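With the hints as your guide, set chain B onto chain A.
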Amino acid sequence: MSVILSWDTWRLLLAGTVVTVELTASLLAVGLVLGVLVALGQAYGPRPLAALCSSYERFFRAMPILVLLIVLNYGLAFLASTYELLWLRLPAFAVAVLAFGLHSSAYQSQIFRGAIRAIKPGQLLAARALGMTRWQAIRYIVLPQALRLAIPGWSNEYSGVLKDTSFVFAIGVTELTRQGWQIMQRTREVFLIFITVALIYLVLTYLGTWLLEWVERRWGVPGLTGQRQEEYGRVI
Amino acid sequence: MSSNIVVRVEDLHKRYGNEEILKGVSFTVRQGEALAIIGPSGTGKSTLLRCINRLTEPDRGRIFLEDTEITSPHVDINKIRQQIGFVFQDFNLFAHLTALDNVRLGLMKVKGFSKKEATERAMHELARVGLAEKAHAYPAQLSGGQQQRVSIARALAMDPKVMLFDEPTSALDPELIGEVLQVMQELAEEGMTMIVVTHEMGFARSVCDEVIFMEKGVIVEQGPPEQVFLNPQQPRTRQFLGKISELYGGAR
Chain A
41 MSVILSWDTW
51 RLLLAGTVVT
61 VELTASLLAV
71 GLVLGVLVAL
81 GQAYGPRPLA
91 ALCSSYERFF
101 RAMPILVLLI
111 VLNYGLAFLA
121 STYELLWLRL
131 PAFAVAVLAF
141 GLHSSAYQSQ
151 IFRGAIRAIK
161 PGQLLAARAL
171 GMTRWQAIRY
181 IVLPQALRLA
191 IPGWSNEYSG
201 VLKDTSFVFA
211 IGVTELTRQG
221 WQIMQRTREV
231 FLIFITVALI
241 YLVLTYLGTW
251 LLEWVERRWG
261 VPGLTGQRQE
271 EYGRVI
Chain B
1119 MSSNIVVRVE
1129 DLHKRYGNEE
1139 ILKGVSFTVR
1149 QGEALAIIGP
1159 SGTGKSTLLR
1169 CINRLTEPDR
1179 GRIFLEDTEI
1189 TSPHVDINKI
1199 RQQIGFVFQD
1209 FNLFAHLTAL
1219 DNVRLGLMKV
1229 KGFSKKEATE
1239 RAMHELARVG
1249 LAEKAHAYPA
1259 QLSGGQQQRV
1269 SIARALAMDP
1279 KVMLFDEPTS
1289 ALDPELIGEV
1299 LQVMQELAEE
1309 GMTMIVVTHE
1319 MGFARSVCDE
1329 VIFMEKGVIV
1339 EQGPPEQVFL
1349 NPQQPRTRQF
1359 LGKISELYGG
1369 AR
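Residue numbers (the numbering used here), protein chains in the order written: chain A, 41 to 276; chain B, 1119 to 1370.
Bear in mind the hints are in silico, worked out from the structure with no lab data behind them.
Quick list of in silico lysine to aspartate or glutamate cross-link-like pairs, EDC-like style, CA-CA up to 20 angstroms:
1) A:Lys203 - A:Glu62
2) B:Lys1252 - B:Asp1219
3) B:Lys1141 - B:Glu1333
4) A:Lys160 - B:Asp1219
5) A:Lys160 - B:Asp1208
6) B:Lys1141 - B:Glu1175
These numbers come from a predicted model, not from an experiment.
Isolated chain A, as found in the complex (with noise of 0.2 angstroms):
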């Protein structure tokens, strides 16, 4: 058993490590875009369009995402030849980052959701008080304030959906967990690839809420975010 990978072992754990990052890097972008609006129509939408959103929050939350992988990989196959829709011909990366997407912004949503009942509802009445629409009061006073203090919940989220990222191999995406497992499959390091691997993401976790941790501090508001126990004393 050799203790040094190859050259071209560690080529395809990075080429994996891209995919991973690629595709968490996407969902993630999806489901904030998405997990906003969820959050917003749940918090602020006429009772109709609240009561849809959390039935969509509720029904993605409830999908193991290998199944909802599958689902619509077929599905998209299936409707795509049957009614000749051609633009539904998706490749397996982008059927990835829409399951994981719509997944992820299920999740997102309830980060954001706290995030936006945190804000004292004060200030809307007196962003309404100036002459600012609803919708103005949302976009200037609600939405930077929220995203702020969603930072913590979502640093979270990208922990985990970072290492659910490697249940693409069912529809036939090989990220990094996937290589691992090919090469394992071809050179029997069991331990050494999978001890690698494991540190690969150990890496990535770290990176990704450290990066996340000076957006935090770099966007901090006095009073609003980011206070650590040290300011006030030591209570506990």
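Relative to chain A, chain B alone:
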């Protein structure tokens, strides 16, 4: 403009569920007049004030801002609210914005000022409330009195026809009340039209031109401060003022 009446309220009614909060309130405020509304808590004073810019929708009755009936369904309420300054009991500053941006936001997004114009105007208003040097502080870095002064500057920047104050000093530590009242007094002296819901009897008495005593959704007594405070006609007004002076040893 019909004479020089800025705000006219006619037979205003408001009910929350079974509880009738306002039972037919009418009054007028003239250009440059400072009107104080006093009375026990829970008698509809704040509801009345919020009806005037329709943050609360009245059930019945009419409200005019100069010649415009703002209770009409055809009116663009966002246009009306730009002309009515509102100061809240708990300040309600935008927590993610500096003092300058709090004052500037409405100018830029509602009135369409350029950033440069808005900055100049906002700095002028901050200077007016004595806080030019705090322009770049966030609300959490300001004292309660400073926050309330910023919120007054925010309302003034919109160049309103009338300023509504909803118990502006009730959330403040006693030693911070003075600085806010002083700003309000200066405004009144400059001729700003104001409606002030307050428990500060000294302010109502020495700064305001007219006082309304309200209880249980109706106006019990109304008149110039000398009359309401020194020679109240209604027994209920006497009783209320008596209790207040017992508490503070003479009207503050």
